[in-house]
Amino acid sequence: MADFIKQNAGRFFANNKKGENAELLADLNSEYRDRRKDAVKRVIANMTVGKDVSSLFPQVVKNMQTEDLEMKKLVYLYLMNYAKSNPDLVILAVNTFVKDTDHINPLIRALAIRTMGCIRVDKILDHICEPLRKCLEDDNPYVRKTAAIGVAKLWDLDQERALENGFVTILQDLVSDSNPMVVANAVTALAEMQESSASKDVFVVNVAIMNKMLAALNECTEWGQIAILTSLADYRPLDSKEAENVCERVIPRLQHANGSVVLSAIRVIMIFMRYIRNEDFIKSLIKKMSPPLVTLLASAPEVQYVSLRNINLILQKRPDILQNDVRVFFCKYNDPPYVKREKLEIMIKLCNDKNIEQILSELKEYASEVDVEFVRKAVRAIGRCAIMIDEASERCVNVLLDLINTKVNYVVQEAIIVIKDIFRKYPKRYEAIIPTLCQNLDSLDEPEAKGSLIWIIGEYAERIENADELIENFLETFLEENSQVQLQLLTATVKLFLKKPAQSQEIVHRVLQTATNEIDNPDTRDRAYVYWRLLSTDPQAAKAV
Amino acid sequence: MIESLFVLSPTGKVIIEKHWHELIPRRVVDFFNDQVSKAMAEGEDVTREDVLPIIASPKYQLINVYRDGLTYLSPVTKEVDPMMVFEFLHRIPDIMQEYFGQVSETVIKENFVTVYQLLEEMMDDGFPLTTEPNSLKEIVPAPNILNKVVNTLGATTSVSTRKMPHGMSNLPWRKAGVKYNSNEIFFDIVEEIDAIVDSTGKAVSCEAHGTIQTNSRLSGMPDLTLSFVNPRLVDDCSFHQSVRFNKWESDKVLSFVPPDGHFRLMSYRVNLPSQQNLPIQVKPSINIGANGAKFDITVSLRNTEGKPVENVVLTLPLHKSTTTLTAQCNVGQYMFDPVGKILRWDVGKVVPRERAPVLSGSFGFGSASSEAAANAGYNIGVEFLINSHSLSGLKVDVLKLFNESYKPYKGVRTMTKAGRYQVRA
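Residue numbers (my numbering), protein chains in the order written: chain A, 11 to 555; chain B, 50 to 474.
Treat each hint with caution, since some may be false.
[Claimed, not checked] Ranges between beta-carbon positions, derived for each pair: (1) A:Gln-326 to B:Asn-295: 30 to 36 Å; (2) A:Ile-101 to B:Gln-146: 37 to 43 Å; (3) A:His-113 to B:Ser-86: 45 to 51 Å.
What the hints contain is simulated information worked out from the structure, not anything from laboratory work.
Every residue, glycine too, gets a C-beta built ideally from N, C-alpha and C.
Model the full structure from these sequences, guided by the hints.
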């Protein structure tokens, strides 16, 4: 039995033969209602897979005058798709629409007004106003809420007509409706219209409107809540007390399962927090905002992604949120790369001397992952933590040394770049590790890494026994090097000369000569000239520089 | 606001297309498919899940969600709240699951009439309207065998006498006049554990995410108060619309008038401390040599109060240069996927005090990237299920009923299972 049904449903998508349209035509005109319905379903199926069934328009439309709700919906579906290409034929259907807005069944009334609004052809405008007005004042809230959205559709097509006919006013009144769903839809429609209005006075949230919206907040669907919260965010509270009140009423929304409701609520609270004077209240708000943000991170990856980006922004404004929750941002090995990147960013922002130990061991784990890009970012993160937190820098350096010992090429290079930055921040502290760094000279092939090591050698030349040999090493390939590396070499050689003049006299001379004569890059050449002048005229001044 | 929706098959073909504003041409789908192919060709390990959820094209932002093989694509031209779009896109397969039991290209094609009607009801003019399954079911009938038979044989469905949505009661989620012969209510507490465990067995991070699914078969308009033994455990929670938030804030009890039938009463999250005793301990030991490695993994139980742990499956992705693998295990079966380089060990049921399951063996690397392979970290994904057990310790205490005179039967079932649970080797 189940097979039989499956077969029959699946055949709506069977391959099209030539003349199928003719067959459909015949069926659409059949005396048997179920044959006709079947045909309409086949027409829609063809539409779904992109086949052209527009020639069947009149026949399909004829089937609209029926008591069968399912059939009606299918015909409406078809109509919406093809109305643009056949507007004259749409007018044929208009009488049925208008009649249907008076139908005894509210579902059908709502369906009619909704579909009329979706047909985006100018001709329909003449016919839509009266039915729309009727539906806006309908007894049944389902019809009213559908009509509210209808006003937004009309606005989209013809703003002036919407204004002339007073629809905007009616809609604004609907914000005070007794049914919360109607309120929510009215707010949604008004907000949409406000965006595209020239005068920006369609929907201005004042105290009265705000209170109505807050009253409806608890009882409408999640999507209605999003619309209301989004509109609330545009309101500017008059004083601290009012801001506090609103925040109190918005706080329960943080416990909603829908991530968008939570984020919208947080947006409102963050904006209103700026107007609150009471420090304790602010602290309690911050405490309440953290748990829902954390819960969002257990959802689907796309939701996590948006949450993480938002958390990043929130942290910039209020760094004290989520202070103790760093663990939730640890990356699972099968998180998609775009999620891992964001989590890493946040981990760095949350790093302080209390959790640095934990974060460092996490970062070390990440450095052994397969994704090269991610590993690089993890290593750089270690560097940033070292620079941010003084007390932790020693531990960071140790971790970096461990990583260098793994001898994995890209890890070593990234680590050296990071160590250079650490040296710049904390000069003269970690000189002991320089020999280890120099041992890894041969594995460096990336310009940034080479440049970093050269800088270190130049800066600490006096501590390095064989600094001149190392520089010589690099100089052998001077001309093939990337210009960034060449610049570093120039600077380092000069520093070397200033610190150990005897050994490096000849090297310096050679480098400057090569740089000025054989290099095309103007930056490099000019730098060499400058150095040459500096050294020849006054070595003491050069040393000062 | 959402302007259009395309539902794509695993191969990128359009199954469903719906526009709420201007018709967006199908060219955008071709562009999207190109971007996906390009992204996946970038690296060997890149999977479909790794593709960015928001892709920029010259005219549109392509917001997409990939779930169970199908892609839900929504191109937008104007500024929109991305979270709302994602939540809505995820709701579509959720509802289809409710209605049809499973979501796939075939299922959608078989039920496209219902799917289109659902999409109509769920969204109007680009704004989401109703996505609560109970409300939708009143407007769009769920297909069941009887309905289908009736439709196929050509009989009519009487629609004009359909009841209005949202019944006659004051509460939008419960209609009046519900009657059952035996009044019962069942609570299913399902906890999922997300954890990262380091190589010493200590939990680096550990949280329990729980949901309380409820099936209410109670007559009239019962007003319930559900209390827990230890409600302060809960770090964060979210409730069904019917739960009175103030009562939770002040007394930490759930006070609500339930909807009829199945619904999610509450979701909660408990942050578990690092010292948490995890019920299942996976001890991996991987010794890396020059061209390969020897490994063994032991599974043992701790702290399950004597209950067995079922459906235990360990998944260990190996480095892409891994060539051969041999292993033996004393319990369950293992399988090595030579293309994806994933080792999967299906342990099955582990009973306390019986011998611990062990999997041991060796694998070799190809010579090419043995250095990277030697240094790679290994992560084992763990799945398991424990019946009648809650890791967080949250327990239902008493259920009180007001407003009705019968005594309801209350059933509570608890279950803990693994969420995103990984152990580092």
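Going down the list of hints, with the structure as the test:
no.: 1; hint: A:Gln-326 to B:Asn-295: 30 to 36 Å; in the structure: holds, 34 Å
no.: 2; hint: A:Ile-101 to B:Gln-146: 37 to 43 Å; in the structure: holds, 41 Å
no.: 3; hint: A:His-113 to B:Ser-86: 45 to 51 Å; in the structure: holds, 49 Å
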